[in-house]
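Generate the whole structure from the sequences, applying the supplied hints.
There are 2 protein chains.
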Amino acid sequence: MATLGDIGVAAGINLLSAFVFLLAFAILRLQPFNDRVYFPKWYLKGLRSSPSRSGTFVKKFVNLDFRSYLRFLNWMPEALKMPELELIDHAGLDSAVYLRIYLIGLKIFVPITFLAWAVLVPVNYTNKTLELQLKNVTSSDIDKLSISNVPDGSDRFWTHIVMAYAFTFWTCYVLLKEYEKVANMRLQFLVSEKRRPDQFTVLVRNVPPDSDESVSETVEHFFLVNHPDTYLTHQVVCNANKLAKLVKKRKSKQNWLDYYQLKYSRNNAKRPLMKTGFLGLWGKKVDAIDHHITEIKKLSDEIAEERERVLKDPKSIMPAAFVSFKSRWGAAVCAQTQQSRNPTLWLTDWAPEPRDVYWQNLSIPYVSIAVRRLIMAVAFFFLTFFFIIPIASVQALATIEGLEKAAPFLKALIEIPFIKSVIQGFLPGIVLKLFLIFLPTILMIMSKFEGFTSISSLERRSATRYYLFNLVNVFLGSVIAGSALDQLNTFLKQSANEIPKTIGVAVPMRATFFITYIMVDGWAGIAAEILMLKPLIIYHLKNTFLVKTEKDREEAMNPGSLSFNVGEPRIQLYFLLGMVYATVTPVLLPFIVVFFGLAYVVFRHQIINVYNQEYESAAAFWPDVHGRIIIALLVSHVALIGLLSTKHLAQAAPLLITLAVLTIWFYRFCKARYEPAFVRYPLQEAVMKDTLERARDSNFNLKPYLQNAYIHPVFKEEDDDEEEEVVKLENESVLVPTKRQSRRNTPVPSKMSGASSQSLPEAVPEHSVP
Amino acid sequence: MATLGDIGVAAGINLLSAFVFLLAFAILRLQPFNDRVYFPKWYLKGLRSSPSRSGTFVKKFVNLDFRSYLRFLNWMPEALKMPELELIDHAGLDSAVYLRIYLIGLKIFVPITFLAWAVLVPVNYTNKTLELQLKNVTSSDIDKLSISNVPDGSDRFWTHIVMAYAFTFWTCYVLLKEYEKVANMRLQFLVSEKRRPDQFTVLVRNVPPDSDESVSETVEHFFLVNHPDTYLTHQVVCNANKLAKLVKKRKSKQNWLDYYQLKYSRNNAKRPLMKTGFLGLWGKKVDAIDHHITEIKKLSDEIAEERERVLKDPKSIMPAAFVSFKSRWGAAVCAQTQQSRNPTLWLTDWAPEPRDVYWQNLSIPYVSIAVRRLIMAVAFFFLTFFFIIPIASVQALATIEGLEKAAPFLKALIEIPFIKSVIQGFLPGIVLKLFLIFLPTILMIMSKFEGFTSISSLERRSATRYYLFNLVNVFLGSVIAGSALDQLNTFLKQSANEIPKTIGVAVPMRATFFITYIMVDGWAGIAAEILMLKPLIIYHLKNTFLVKTEKDREEAMNPGSLSFNVGEPRIQLYFLLGMVYATVTPVLLPFIVVFFGLAYVVFRHQIINVYNQEYESAAAFWPDVHGRIIIALLVSHVALIGLLSTKHLAQAAPLLITLAVLTIWFYRFCKARYEPAFVRYPLQEAVMKDTLERARDSNFNLKPYLQNAYIHPVFKEEDDDEEEEVVKLENESVLVPTKRQSRRNTPVPSKMSGASSQSLPEAVPEHSVP
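Sequence lines, in order, name chains A and B. So that you can map any letter, position 396 of the first sequence is 396 in full-length UniProt numbering, and since no number is skipped, the others follow by simple counting. So that you can map any letter, position 318 of the second sequence is 318 in full-length UniProt numbering, and since no number is skipped, the others follow by simple counting.
One should not assume that every hint holds.
As the list makes no split between identical chains, a pair holds if one copy fits it or if it spans any two.
When the alpha-carbon atoms are kept at most 30 Å apart in a straight line, the in silico DSSO-like pairs for lysine-lysine are as follows [to be verified]:
| # | residue 1 | residue 2 |
| --- | --- | --- |
| 1 | K251 | K312 |
| 2 | K284 | K270 |
| 3 | K647 | K493 |
| 4 | K433 | K405 |
| 5 | K671 | K448 |
| 6 | K297 | K248 |
| 7 | K249 | K312 |
None of these hints come from the bench; they were simulated from the model.
See below:
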């Protein structure tokens, strides 16, 4: 058991490393040549341009204004300054609501921390159980503050039960308010938004095959009959997966060509050569530039051919379509109703944003999806509980003996003492770490296999799985100190009322471990996030070897995005720890509060200056966030029931079970009350929006606006190349680069979402909406 | 352990009692004076009239045609003769589909029985385990045929696993086919049906209060705005609960008045007297006829006053309304979509049939419903697991000592040996039996408290609860031979993999008990059902004391109805027993098959000749039936896993767990594939029906047709009294009473469902549907 002193030292080290990261960030961000790494969002919005246009050569790369270094923590208040409404406008609702997860952490845990320190810490500290029990051992200070210090059967435990009620009620109150707020924000966002194609469009899947009609005709006839007053137009979905692959391949070849051409232009004496074999390691030597030019030409031909084929071949038309309606009301009605007798045909659903569509999955038939879900559920079960088996076998191979057996020729090398110790010390850990790094990717692939049709739903599903994995393997794994497989065994062999005891007894003992975990993963990890080391390195590499034009430089930026599927489950772990330890070891709470505070500031900065969201789901993830905080509450109740039953206070169990039942009821109440706002679109809202828009802008012709909104991005990209010039000119005439601080924070229509509507001509309507 | 001989004797006794019941029924049904008890359905449809019109006095009461007694089992083939389509027309889809539950039992268990006897019985019988183990004891013949006879760790158990797979797959196949069939029948029924008000109507609840407008105005404005093209009319719901009570009270007084008047007319010498106190036991003696006449007059005044109040007072208008649309499409859209931002306001749902509405619950607000559900869930938990506590305390009171203590004045009476033995032998059992008889009523009251708005959903909810109660207290209670409370204790204290063992070991030992149970409850119980002893007695009592006119006689008939909430859970118990014992003790299967066969014939007869369904939910209960058979499958898997793990064949567990996972997946698949047909109304169907009807009968004016469809039955009843004459005349002109057998089976539009549409004038339409 660590003493308060040990924890203090660990806290010091982690605070220091966090401070170093923040300092490094503060210095790096002021250097002009890093500007595109730390402020890509503003570049993408066209509100900031490369600093290379003015000033001396040195100034282009290094900031020599020493006054700016003195205010190196300035970014923090700056990040907090932007009001929420502006933030929504600037970065989208998803990002703004994502920040509220940290905020809700603060809202929940700051009062709980104060209450716990005011009530529970004195109650725990004024006992002498541990002193009596452990006369020989120096008792840990932290344990003195925890529930372990209260003697068995003491009436003081009623304080803990009352506090458990207080904490649960407070959390539920905050959750309720927040759910209401987010639901309103979502509806407000949907109302206040500009016209967007997905408001009028429904994704129809599993169109039944018809021997006499093409898919397009079947769709048109069906909707003309069943939605006669509101149907407007539709676009069938093409299977352009192969085409997309070819285009991607050509792009990579083009990058290499650029690289070699740049190399040649710098050193005209020698034409660059390359080998044609695997990764350029072996094979025939050829002239790299010529080789790539011919390759690209070949690919271009292939692409043209494939493009032709996709557009003509009826086999490449998938039984799915995006159907657009004359009004939001029509789309809302179609999305929420069942169309056909057979509920697995003509499946209608709100169309995701065009950016959000996951095109590869649009053609999977219903039965196949049902089977895929089963397979993935079983696979995930095995992944969670048995992942340790392959890892362990690889680890066995990664020992000295294993390696010598597998690759005898390496024997001489391995026997060197230094290498030997490295292998023994690091390799097994690295294998596990590698697995954990790839886990989100594995989970994402699993979700893709399940057939979700939008990127946002893929990420939500992956997040759920990642959370469950963390709950079982990180939380329970650390508490019960065994692999998930051992746990499964334990739980199967234990009786139902032994399980909470096992957890409850172990929880207070692992407090110091989790405090260290919070500091390393939470404090230092978050501080490292803001440094953006990987994008920084990659940007400078690309900038050196590939960039020729301003456009290339834009492409070299990698702002990244929030990646909900990795980030949110990690936050949830802190909610879980905070809830479980709130009544047991209140000492842990301040560490959680610091985490939430720091993370809030850091991510607010990142969202304002760096991340570029790939899609907008209008906070569709909030029900998941809400549900997982409820799970944290329930786990805390189970742990407390177990703990108190070992403390000879079994009569507490009914009280805490009541609390758990009330919590579950609260969850169900919230689900019925607020979840529909995230799943359905109320007709009242749709009518309101329709009426407003009709009054404001009655001549707008929807049909051409919606006609091409949902074409596969491969086709769009090629069109973009031609249209881009026009768009750019328009944008440039609107936007004047400015250095004024206030201007930097002022919202301007985002280039991404505004482009398509701006570039379309406003024609005379063919049909007016009745 | 009973031998085959014992079982044979028990079977003989039960078969004999079943035969006696059937014989009594066969004789009683032929007597003309019982005609209205055994053929009320035909009287209600107007296809049969009292046999008193012709023939001699004796013939009116006793059937003297001895030939008819010779064919006393004739009703059986007769009951089976009516084809299903005619049955649907005659008794409604609910009844026809209810019969399919018995049919599905036959479809599942007949092949399983053959397979089990062909494969499992020989495999079990050709072992000698029991003979070796029990050399002293005479081993039971039944156990020799069961899985207990196979030695531990034998490879023969693989036969049982393969059979478990075969039985599960066969059951799932039958279930799938049946679900498809029933879903199609439901849709077919909805399509082929005549115009019915509920097809156009949506029940709107939780209309938000508006300070400026009445509920009626708010509803009208809301739907004119949000469903501008399809909204037609609406009816607000009045709180007429008090009025209904008064009317009911008056009716009962009227009955008494009739009784006394009849008494007086038979014996003019003495005017009947009565006491005014409780149940007429004490109080002032008054003239009964005068007393009732004044009472009725007083009530009539009160009713008129209350009626006035309900119609005028805005407080008696509830925030709910039945909103009707111009087309089925409009109603389908409104029922399936969310109307308002706040999903707890403007709740829309398909309106139940007018007969099916449960008026008392229409005004409960959303939050109150959420709280009521919680309370009832907790109450049901305690009812299931702790019901034995109050019963036991009452039983303790019902012993000799308890009674003497509670009521010392009874001491002398109790000490009489005969009464003493009766009390000791029967009273404790009777207390439990009384509780079990009232259980469905208790569950129904609980469902009503939860706020369901239709009688059919009330019955479905009660059925679910009754099933769970039976599963825990009858099945598990008999298997583990302890009260549910003991079980709860056992399960909490046992580890997760001990629980299946506990069940698995006990299951084969209880086989003979369940065989007896099936014979008593299933065979003899079903045969007693057809005798209808209670309605028979009540009818003759009423006929003697109350009936003056033909109309009174009609009211004295009590055909009853299927009462899904009691019947279905009882059938499900047989599915459960069949599934669990199919692999373990195949001897039990023929008893199950006989039950399903007998019950099918009996209930088919009852549905054709007796029951008069109170409502039509178009087989909305099928998903519940399907789900519970799946539960039976899963319980059988758990029991087999437990059993085999005690037989040293633990490696079977993964195989059977796989089977259980597949079964769960099958359930989810079916749920997604077929359940929507029972919850939603596809737009395609609605459009088809609308178009057809518009083409066929374009001048029909919907508005007056729907205007008064959903008024509270109290108002309707009073109107009926005035209108009835007209309806009767119309009906009589159509229907000529006939004695021809074929005519008796020919469907004719039911009086109940056809009346309202026939009695309404076909006016010129005000609006034509666009």
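Next item on the list: Check each numbered hint against the structure and report the violated ones by number, ascending.
Entry: none
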